[in-house]
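Fit chains B and C to the given chain A structure using the hints.
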Amino acid sequence: MPGRSRRRRALSSEAVLQVRNLRVYYGTPGAPVRAVDGVTLDIGESEVVGLVGESGCGKSTLGRGILGLLPLGARADGEVLYGGRNLVMLPPKELRRLAGPDLGLVFQEPMTRLNPLLRISDHFRETLKQHEANLSDAEVKRRSLETLGRMGIPPTRFNQYPHEFSGGMRQRIMIALALVLRPKLLVADEPTTSLDVIVEGQILALLADLKRNFGTALLLITHNLGIVAEACDRMAVMYAGKIVEEGPVREVFAEPAHPYTRELLRSTISLETTELHSIPGSPPNLIDPPPGCRFHPRCPDAMRVCSLLEPIEQRLGEGRRVQCWLHGPQARIPADGELPLEREAIGVADEA
Amino acid sequence: MTYVPPARAPRTPHGRARLIALGRATKPIREASGVARAMFWSGVAITVFFILLALLAPVISPYNFNQYKADGHRFAQLAPPSAAHVFGTTVQSVDVLSRVIYGTQTELEVVAIALAMSLTVGVPLGLISGYFGGILDRFLVLIMDAIFAFPYLLIAIVIAFVLATSSIGGGILTAAFAITAAYVPLYFRVVRNHVISVREEPYVDAARALGARPRTVIRKYVFFNVVQNVPPIATLNAADAILLLASLGFLGYGIQPSQGAEWGYDVSRAVSDAASGIWWTGLFPGLAIVLLVTGLTLVGEGLNETMNPVLRRRRFGRFEFEPVAGPVEEAEGAE
Amino acid sequence: MTGTSLRTYLLTRLALVVPMVWILLTLVFLLLRVAPGNPIEAALGGHVPPSVVKPIEHRLGFDKPLLTQYGDYLWNIVRGNFGTTITDNRPLSQIIKQNGAATLELTFFAMLIAIVVGVLIGLVAGRYRDTPVDIGGRLFGIVVYATPPFFLGLMAQLVFGVWLGWLPTSDQASPLTQALLQTHTNIYFVDAIWDGNWGALWDIVKHLILPAMTLGLITAGVFLRLTRINVIRTLRDDYIEAARARGIVERRVVFVHAFKNALVPVITVVGLNLAILLGGAVLTEETFNWPGIGHELVLYLQNRDYTAVQGIMIVFALVVVGVSVIVDFINAFVDPRIRY
Numbered sequence: 001m002p003g004r005s006r007r008r009r010a011l012s013s014e015a016v017l018q019v020r021n022l023r024v025y026y027g028t029p030g031a032p033v034r035a036v037d038g039v040t041l042d043i044g045e046s047e048v049v050g051l052v053g054e055s056g057c058g059k060s061t062l063g064r065g066i067l068g069l070l071p072l073g074a075r076a077d078g079e080v081l082y083g084g085r086n087l088v089m090l091p092p093k094e095l096r097r098l099a100g101p102d103l104g105l106v107f108q109e110p111m112t113r114l115n116p117l118l119r120i121s122d123h124f125r126e127t128l129k130q131h132e133a134n135l136s137d138a139e140v141k142r143r144s145l146e147t148l149g150r151m152g153i154p155p156t157r158f159n160q161y162p163h164e165f166s167g168g169m170r171q172r173i174m175i176a177l178a179l180v181l182r183p184k185l186l187v188a189d190e191p192t193t194s195l196d197v198i199v200e201g202q203i204l205a206l207l208a209d210l211k212r213n214f215g216t217a218l219l220l221i222t223h224n225l226g227i228v229a230e231a232c233d234r235m236a237v238m239y240a241g242k243i244v245e246e247g248p249v250r251e252v253f254a255e256p257a258h259p260y261t262r263e264l265l266r267s268t269i270s271l272e273t274t275e276l277h278s279i280p281g282s283p284p285n286l287i288d289p290p291p292g293c294r295f296h297p298r299c300p301d302a303m304r305v306c307s308l309l310e311p312i313e314q315r316l317g318e319g320r321r322v323q324c325w326l327h328g329p330q331a332r333i334p335a336d337g338e339l340p341l342e343r344e345a346i347g348v349a350d351e352a
Numbered sequence: 001m002t003y004v005p006p007a008r009a010p011r012t013p014h015g016r017a018r019l020i021a022l023g024r025a026t027k028p029i030r031e032a033s034g035v036a037r038a039m040f041w042s043g044v045a046i047t048v049f050f051i052l053l054a055l056l057a058p059v060i061s062p063y064n065f066n067q068y069k070a071d072g073h074r075f076a077q078l079a080p081p082s083a084a085h086v087f088g089t090t091v092q093s094v095d096v097l098s099r100v101i102y103g104t105q106t107e108l109e110v111v112a113i114a115l116a117m118s119l120t121v122g123v124p125l126g127l128i129s130g131y132f133g134g135i136l137d138r139f140l141v142l143i144m145d146a147i148f149a150f151p152y153l154l155i156a157i158v159i160a161f162v163l164a165t166s167s168i169g170g171g172i173l174t175a176a177f178a179i180t181a182a183y184v185p186l187y188f189r190v191v192r193n194h195v196i197s198v199r200e201e202p203y204v205d206a207a208r209a210l211g212a213r214p215r216t217v218i219r220k221y222v223f224f225n226v227v228q229n230v231p232p233i234a235t236l237n238a239a240d241a242i243l244l245l246a247s248l249g250f251l252g253y254g255i256q257p258s259q260g261a262e263w264g265y266d267v268s269r270a271v272s273d274a275a276s277g278i279w280w281t282g283l284f285p286g287l288a289i290v291l292l293v294t295g296l297t298l299v300g301e302g303l304n305e306t307m308n309p310v311l312r313r314r315r316f317g318r319f320e321f322e323p324v325a326g327p328v329e330e331a332e333g334a335e
Numbered sequence: 001m002t003g004t005s006l007r008t009y010l011l012t013r014l015a016l017v018v019p020m021v022w023i024l025l026t027l028v029f030l031l032l033r034v035a036p037g038n039p040i041e042a043a044l045g046g047h048v049p050p051s052v053v054k055p056i057e058h059r060l061g062f063d064k065p066l067l068t069q070y071g072d073y074l075w076n077i078v079r080g081n082f083g084t085t086i087t088d089n090r091p092l093s094q095i096i097k098q099n100g101a102a103t104l105e106l107t108f109f110a111m112l113i114a115i116v117v118g119v120l121i122g123l124v125a126g127r128y129r130d131t132p133v134d135i136g137g138r139l140f141g142i143v144v145y146a147t148p149p150f151f152l153g154l155m156a157q158l159v160f161g162v163w164l165g166w167l168p169t170s171d172q173a174s175p176l177t178q179a180l181l182q183t184h185t186n187i188y189f190v191d192a193i194w195d196g197n198w199g200a201l202w203d204i205v206k207h208l209i210l211p212a213m214t215l216g217l218i219t220a221g222v223f224l225r226l227t228r229i230n231v232i233r234t235l236r237d238d239y240i241e242a243a244r245a246r247g248i249v250e251r252r253v254v255f256v257h258a259f260k261n262a263l264v265p266v267i268t269v270v271g272l273n274l275a276i277l278l279g280g281a282v283l284t285e286e287t288f289n290w291p292g293i294g295h296e297l298v299l300y301l302q303n304r305d306y307t308a309v310q311g312i313m314i315v316f317a318l319v320v321v322g323v324s325v326i327v328d329f330i331n332a333f334v335d336p337r338i339r340y
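Residue numbers (this note's numbering), protein chains in the order written: chain A, 1 to 352; chain B, 1 to 335; chain C, 1 to 340.
In short, the hints are calculated from the structure, not lab data. A hint or two may mislead.
[To be verified] Only pairs whose alpha carbons sit at most 30 Å apart, straight line, appear in this in silico DSS-like list of lysine-lysine:
| id | chain 1 | residue 1 | chain 2 | residue 2 |
| --- | --- | --- | --- | --- |
| 1 | A | K211 | A | K184 |
| 2 | C | K260 | A | K141 |
| 3 | C | K206 | C | K97 |
| 4 | C | K260 | A | K129 |
| 5 | A | K129 | A | K211 |
| 6 | C | K97 | A | K93 |
| 7 | A | K141 | A | K211 |
| 8 | A | K129 | A | K93 |
| 9 | A | K141 | A | K129 |
Bound conformation, chain A alone (with noise of 0.2 Å):
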């Protein structure tokens, strides 16, 4: 027990984001949706934390639920512990004031997160008089022209229209748009799903320098591990709406605790591919999940308990935790309930 709530105090004074068992649900006719389903992360100061799991896991209702930005009938349970508040309780008006100084966010698609009808040089300064509104016109210019030139946008574009950047450059000018107002953390949905390589070896590298340049911590969201070890320092893989496998890239890379980060890795294509490897089966509803651990009728470890009970999480060590029956705790595992599942193979009509 003391060990425990030392390296929880531990935890708090770095981290700039707790998130406590977060559910975010979406309201449906019938019963609501349960994106995200009791999520526990800690974010700290000046780090990257890299977000992965599959398409509708999850992860970026998890990224929008931290700055409530949740569309119209989802509603968020749980604590979001910034600088002391719980932000899932805030008032909207409150957590608008922070959305930009503190916590900035930015999107998957930049080519419609521009205002048509404004000049960059109008966004820029809308954002920093909106905050800042005591700042003079020039020291709006220079800082935006500043921010804008770490990211590689040349002055003389200043006062241009967004339509005529490229996707790329867009990217570059939303990432700039959240950091001019140097936020404590940024969370980055997807950010360069829809660029080409290129550009996003570029973004990524301007999104690994942040904490050298900005002191920004950054939640990558992604469903490209690639991303993930190239850039990130921790790492959380998410199913179904929980975190499954938690802690540094290197450690999970070099051993995945969970069947699921296995298979993800295992799935991921290099130059050393051979055979293309999949994961049968498809991602589970989420209005009605499997009982017990969600991942178990698709994967290959699962055993009798996996199907009945929830698995509890387990610390693997420093930063390192998981949520699967393989790693115990063998107490609470029921007579025969480590024996494998028997289940029917999973016929195509599933996979659609």
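Chains B and C in isolation, oriented as in the chain A frame:
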């Protein structure tokens, strides 16, 4: 584990498959937000009411549309609403209520004919022009755009004017043709634009690559996709067409008075009554126009709100977060 | 760079005017020549001896081959000669000057009312979607559009003219005012201000109120609906969400980002709906005995005066095309993306 081939899915009986498809097609209406549904159904109610009026006119209406006497007695002239004549009488001693009811027949009949003709001409033209492109397309677009920019009323007036002196003469067909001429460019345009956007879709491309003939491609893939857009436009168009017919009638280019009653014509007759403060000859036909057009517009807007993905709004359910179960918290370092 | 692209766009757009105008003019020409029967005879009331008809036919060029007539027709239009009426020998240019001014006065104020009422309510309705404000606004727009101008006008005349006696129910101005007013632009409203004749101005305004409100309110319905839809669409756009993520307050998001962007297509719509306004103007002029071009058109139609009808149609065609060009210009100016 030995691989067990998946069992074949049981075949759905034909009838049930149809029901399922119908259910899927009407899903947007059932799932729509309250306002869209309310609009849609109240519009349907009003429209159905008028359709019934038109169908049952001979039964419901107290008198005929140009009947000015009964049992040998001539009706009172310009009589205010009373028990005998609920909506009053006109200067020709005709019962206003009867004219309103029979007018429903005229309005719906002419508009139905006109819309059918517009669709028959406009939709195929749009399909062909949009799918095949080329010089024909350019030519048609130029002409249609030019006409489309013109006020509907003026197009209709000129056509009615030209036809009136021809062998067709004035009357239902003339009015119908006039309205058709005004709306063909609209359907042409809408269909053509949609065909062009659908034409580039991957599934159409795939069909072409597989060697499907243009006729097949249009019929199976393009047509059904495009036709889905038509109902909201057609209902809003019907509303507009009623207004157009009434306007033609007001100006004297509608049907012949001997052929039937027409609301716009009645209002034009009522203008001279207004100076003497006689209100019932104009108010009731006018209100009928407003009510029917409103009903049709409500249907169209309701459809638009449910089907147009930009405007669609699903109902969200309300839900509560259940408290998190206990045992999970006991684990070391857990939540 | 933006300067030249705007200029290129304007020039290209102007060039496109020519084919459209040409097509419309040809359609008008064909339509009226295609009508069976002898137009001159019909205009003169039928059963007229050839000795009367032939000279008029010759004067108007109806005895020449069709292609020559077409050529003369186009050439005349280019020179600004839209013809002379058959029945009362009035040159079209005069009709345009006098009656055209009256129609301009009416449609201008009607458009003003339509925009102010329609766009304002549309903005609010779109912003507060599905609230009572929105539902009320939409119903208002729908019902008002369902009301034909002649019905609304008739009721207005009854209520305000006959029963309450507040406002006049016909004509552009009282005979006295018309007699005393100096003619500068032919637009009564402008002329009265020009002379500083406030008594006349008041009379003119009183005559304007009912017709302009009638036509304006009905058109407002259209603008309401379109503005509302545009606001809803714009509020769903990605840059709105991005602005919120940067902490921009909701009021600014709505006004600067949503409303301004939503209004851009509305400009086009306003221009395109000139067609509706013109159609409504014809009906309104009939109802209120307003001496505009629409009123003249109806009269000449009744008298079967083909040249008059043709001439007025040409005017309408040119106005429609002209306005669409102006609208495109304004649009290009406002939206930097639309430049070839």
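To see whether the hints hold, each was checked on the structure:
A hinted pair counts as satisfied when its Cα atoms are at most 30 Å apart, and K211 (chain A) with K184 (chain A) qualifies at roughly 10 Å. For the hint pairing K260 (chain C) with K141 (chain A), the CA-to-CA distance comes to about 24 Å; that is within 30 Å, so the pair holds. As the CA atoms of K206 (chain C) and K97 (chain C) are separated by approximately 23 Å, the hinted pair is consistent with the 30 Å bound. Note on K260 (chain C) and K129 (chain A): the hinted pairing holds, with a Cα-Cα distance of about 19 Å set against a maximum of 30 Å.
Annotation: proposed proximity of K129 (chain A) to K211 (chain A) holds, straight-line Cα distance about 25 Å (limit 30 Å). Under the criterion of a C-alpha separation no larger than 30 Å, the hint pairing K97 (chain C) with K93 (chain A) is inconsistent with the structure, at around 59 Å. Between K141 (chain A) and K211 (chain A) the CA atoms are separated by roughly 23 Å; this keeps the pair inside 30 Å, and the hint holds. In summary, the hint linking K129 (chain A) to K93 (chain A) is supported, as the alpha carbons are separated by about 17 Å, within the 30 Å threshold.
The suggested pairing of K141 (chain A) with K129 (chain A) holds, with an alpha-carbon distance near 11 Å, which does not exceed 30 Å.
Violated hint for the displayed structure: number 6, the only one.
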